[in-house]
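*Asks:* In the order they appear, the protein sequences are chains A and B.
If you use numbering that gives the first Met the number 0, the first sequence closes out at 445, no skipped numbers anywhere.
If you use numbering that gives the first Met the number 0, the second sequence closes out at 445, no skipped numbers anywhere.
No false leads were slipped in.
The list treats identical chains as interchangeable, and a pair is accepted whether it falls inside one copy or across any two copies.
Calculated lysine-lysine pairs in the DSSO-like style (CA-CA distance at most 30 angstroms, straight line):
(1) K104 x K211
(2) K211 x K106
(3) K405 x K341
(4) K70 x K104
(5) K373 x K405
No wet-lab data here; the hints were simulated from the structure.
2 protein chains.
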Amino acid sequence: MTTHEVLPIDSRVAYPNRAAIEHIQNVALPRLVARAWLHIPFYRRLWTQAGVNPDCVTGLDDLRRLPIIRKQDLEADLIAHPPFGSFQGDFPAVRLQASSGSSGKPKPVLHTRADWENITNLWARRLAAQGVTSADRVQVAFALALFIPGFTSMEGAMKLGALAIPAGSGAMTQSMRQLEIAREWGSTVLGATGGYALHLATEARERGFDLKRDFSFRVMYHTGEPLVEETRRQIENAWGVKSFNNYGSVETGAPAWECEYQHGMHFNEDAYLFEVVDPETLDPLPDGEEGAVVVTSLFKEAAPVIRYMIGDIASIWPEACACGHPFRRLSPIRGRIDDMLKIQGAAVYPTAIEATLRQFPEIGPEFRIVVDCKNGRDRLEVQIECAPDQNDTVNDLAVRVAQRIKERVGFSAAVTAVPFGGLATAEDVARRTKNRYVVDLRKTQP
Amino acid sequence: MTTHEVLPIDSRVAYPNRAAIEHIQNVALPRLVARAWLHIPFYRRLWTQAGVNPDCVTGLDDLRRLPIIRKQDLEADLIAHPPFGSFQGDFPAVRLQASSGSSGKPKPVLHTRADWENITNLWARRLAAQGVTSADRVQVAFALALFIPGFTSMEGAMKLGALAIPAGSGAMTQSMRQLEIAREWGSTVLGATGGYALHLATEARERGFDLKRDFSFRVMYHTGEPLVEETRRQIENAWGVKSFNNYGSVETGAPAWECEYQHGMHFNEDAYLFEVVDPETLDPLPDGEEGAVVVTSLFKEAAPVIRYMIGDIASIWPEACACGHPFRRLSPIRGRIDDMLKIQGAAVYPTAIEATLRQFPEIGPEFRIVVDCKNGRDRLEVQIECAPDQNDTVNDLAVRVAQRIKERVGFSAAVTAVPFGGLATAEDVARRTKNRYVVDLRKTQP
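Bound conformation, chain A alone (with noise of 0.2 angstroms):
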């Protein structure tokens, strides 16, 4: 192996200890350093205006001397050197997929064969903890065109030998399809957004089906938007089901999971460096807490992450888990930086909000937050959708859930009731995956 050449990323390996960990790590981040300064022009010019070169990295204790970058960063080198940008590198690439991007435009992100197959073992790794076997059945129910988690887990179960059926979102295979594919195939996990699957949850119990006799899954996986507590319970309990978390994007693979513990998030800690520093300084944070996570991928050939600002919020939890894995875990996601809500200047994460609303099981599980701007006075609003013909106990319920609400993010909101069906529709919902529940106004307002 030459100093250039990427680690394979095995599906399976453990480590005996976190020395055998840094080990890795130690070898494997100057050889990435060396590799993106031959190859990739972007982290070339960045590094070099904060003079710094691939001398300057030897080791772990050297990471910090690199600049972090951010999502515009990328997209900003986007525009200057179209199509693929300069952060890409010169590397023989035979697929391409993108975020989708917070301007609306997708950003693509290319991947070599190793990079492909590095991602689709890490997928395997993960569903492997998450109790998936050769036995399975997987129904695929993430969005397959330029979203990429559909594609890289089904990889990941063929790689266990489970049978992968391609389902597609909503908008491939409508969801009283997905039911009877689910009944008729016998399917034993779903991999879905947490919100495709509980709007798959609702669906079938509308057309009258027993939930947990007339299906047979018994593990749910999810990546693609912040799962919360509430919401993972209730699909567990709707499904009788596990149902885990993944977390990850494009732009970094697929760095972190949940094993049996379902207690924070394991990174690959042989493919993945994990920070967390403060959003505004950029100093680092200790661990345990919160702050904007940093990935950098050590395997990655074309588009490695260097010290990369993913967006999300959270902390790193450094104590062992139950299960014995050596890797380190990052707590669940607070939050995406750019989902904080700003309102009459306090911070409000729509993920404590969704919490907050999956603890009344008489509300559905659609809902939106509507943010606007009236008299230079920010408003919130939250609607929910709960069953039309019993206006007192409506209005009840939507008193007891402005008072939760205000109890936990310490802001009082206006709760609005609709009818069941009023928010979405399943096409709706199956082609969203980000920023799913926020109509922020206050953007199109004067």
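Chain B: place on chain A using the hints.
*Replies:* The following block gives chain B in isolation, referenced to the frame of chain A:
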């Protein structure tokens, strides 16, 4: 290699002469039959009833001792042995794809890891013959869900080192977005049904694009529906590309492909046996004579098809092709047996009507064939799209179209013109894969 192992199919291999090809077939057929006898109850039952066992099949000459199977046999087996039938065997499958199924229910077809590797190798072979190289950017605009060719052709492109871009059909990525992807990311190859390739041309023109200047396409590959010659020419003229037909189905894999000469489809004789038989008597027909296509997949593990009447009408061309490839050719598909419309006792194929319409550049790509029955008499109506504001011209056009149809199919049709967009939306077109043009009202009439 034991006698029961399958052949690995090389994506590049070519054979020097017929003797070499027949040697492969003589080895593979007895092996396939022995494997099916051992592992696949469906064939064991069928052959026992027919008084055949593996000892009866020592080489190619014994193929005709095996009974021919039809789509209905597989469908009945699925009902008798849910959920996957007894025709798939007891092999460890990692992937389920499905055909749309004549009954409206998708027919599941399982694939082992070796099947997936082989079918994607065959796609790499097809695309290489059609001029795709590692320098290409391949936009895959087939439906990515249970329909198989989007996935397998994308893997084939990746195996050639090309950059695969999974756009998915119009249901996932609407036509305007497809055009933006193609333009901004410089797609050079498009994979789509012929109908969708034409539809995209219409969309691009309506939005004021210059199809040849604004896009970088040079090759388009099609499958999933018969591609009539006149449709191919419209695609080629509109986009300034070479457009290639590929023949197959989820049950068979990727058997036949056009070479650069676009004259008949070579079938992969190291992986398939092709026969043409009389659709009524099932008697073999000599080369050159048109009849029902019967396919045997030599290499498939799960769900191999052995003497499977795929449902299409064509002939085998034994003559050497100008390209020099020793694989024989299948003629262009005349139509599907199922698509054949019996109108007043005469056989009419939708492809014949399509071919006629494509000769009129003033007619849009969408059309509908509506058949009904009034006073015991079958009636054929052909609905076309053309510009709305020239009534006299439209009437004159309809008369000329009706005349040409009568010349070609020997049958009078009423031709009705509606304005552009009157017959279908982009999403409709993208979702459909078969029988896109026919509405037979007789089936719903008492």
